[in-house]
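Trainee: Sequence:
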Amino acid sequence: MRSTAHEHAAAAGWDVAKPPSPSRTPGVRIAGFRNRSAGPVEGPLFPHPAVTLVVAFGEGSLAVADAGGRHQGGSFVAGLVTGAARMRGEKVRCLEVRLSPVVTRAVLGACPSELAGVVVALDDVWGRDAARIQEQLGDAASWQDRFALAEASLARRAETGPSVDPEVAWAWDRITVSHGRVRVDELAAEVGWSRKRLWSRFGSQIGLPPKRAARLVRFDHAVHRLAAGEGPARVAAEGGYVDQSHLHRDVVAFTGVTPTTAAGGSGLAVDDLAWAKHGVSETD
Numbered sequence: 001m002r003s004t005a006h007e008h009a010a011a012a013g014w015d016v017a018k019p020p021s022p023s024r025t026p027g028v029r030i031a032g033f034r035n036r037s038a039g040p041v042e043g044p045l046f047p048h049p050a051v052t053l054v055v056a057f058g059e060g061s062l063a064v065a066d067a068g069g070r071h072q073g074g075s076f077v078a079g080l081v082t083g084a085a086r087m088r089g090e091k092v093r094c095l096e097v098r099l100s101p102v103v104t105r106a107v108l109g110a111c112p113s114e115l116a117g118v119v120v121a122l123d124d125v126w127g128r129d130a131a132r133i134q135e136q137l138g139d140a141a142s143w144q145d146r147f148a149l150a151e152a153s154l155a156r157r158a159e160t161g162p163s164v165d166p167e168v169a170w171a172w173d174r175i176t177v178s179h180g181r182v183r184v185d186e187l188a189a190e191v192g193w194s195r196k197r198l199w200s201r202f203g204s205q206i207g208l209p210p211k212r213a214a215r216l217v218r219f220d221h222a223v224h225r226l227a228a229g230e231g232p233a234r235v236a237a238e239g240g241y242v243d244q245s246h247l248h249r250d251v252v253a254f255t256g257v258t259p260t261t262a263a264g265g266s267g268l269a270v271d272d273l274a275w276a277k278h279g280v281s282e283t284d
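For what it's worth, full-length UniProt numbering labels the leading residue of the sequence shown as 1, then goes sequentially.
Just so you know, the hints here were simulated from the structure itself, not pulled from any lab data. For glycine and all other residues, C-beta sits at the position ideal for the given N, C-alpha and C. All clues given are correct.
Listed next, with one range per pair, are the computed distances between beta-carbon atoms:
1) D124 x G43: 21 to 27 Å
2) V242 x R128: 47 to 53 Å
3) E59 x R195: 50 to 56 Å
4) D129 x E90: 22 to 28 Å
5) G58 x W170: 37 to 43 Å
6) Q136 x T160: 18 to 24 Å
7) E230 x G256: 18 to 24 Å
Please work from the sequences and hints to get the whole structure.
Mentor: Here it is, written out as structure tokens:
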């Protein structure tokens, strides 16, 4: 699978840089991207169970259109479940941060519920700090220096920002660890809350109700298994779907394309290369 991901990334014109070790801030993952193709590149941004922060730097151009057709140029933040968003860029260099919704409010200063389903400009969230970090990343000599800058900035924010309720964090962890196959109706009893209280707190602090969150996590796990070459019947049976048609409908609902199209594109392969594991960065 790794060689396939490398081949797809190369075909799509992307170089991917990864930190040598996981982030020291729980719930934070970082990768770097450089588009080396001669002309513009365009592709889908599939939903995943994280809030996405993209910091573009250098002289290239970057724009994203969310599922509602709203366009945003430059650095941006995409909330949970952006639908079939699309990205277009030319000579792009950017740092991408994936934030667990558990730490999103602390790092961004905005509740995930305020970002759910939308794409907004980074400076609308971070103000002047957005331009400052973009300049610092552009001036850095290497990807490792950029990762260090980002780590320091994100760690400071995470340490001083507000935290979610421990019960909400626990429920989110149960959903993600189970790949979305947890019985969400039992979560409230497990944390000792009423169903109404958990649903209200979870929705406001995570950005989605528990059932919708479980569906997103389940989809993300399933679509990456499809991209790795596993058959849809097996993925559906082992992934908590009623049948293969159920899987098909879910993938179309989240991506706007069929499972075959989603699995065969370069986007998921590049995604897998960037986030599957850490290693030495591949390009400066």
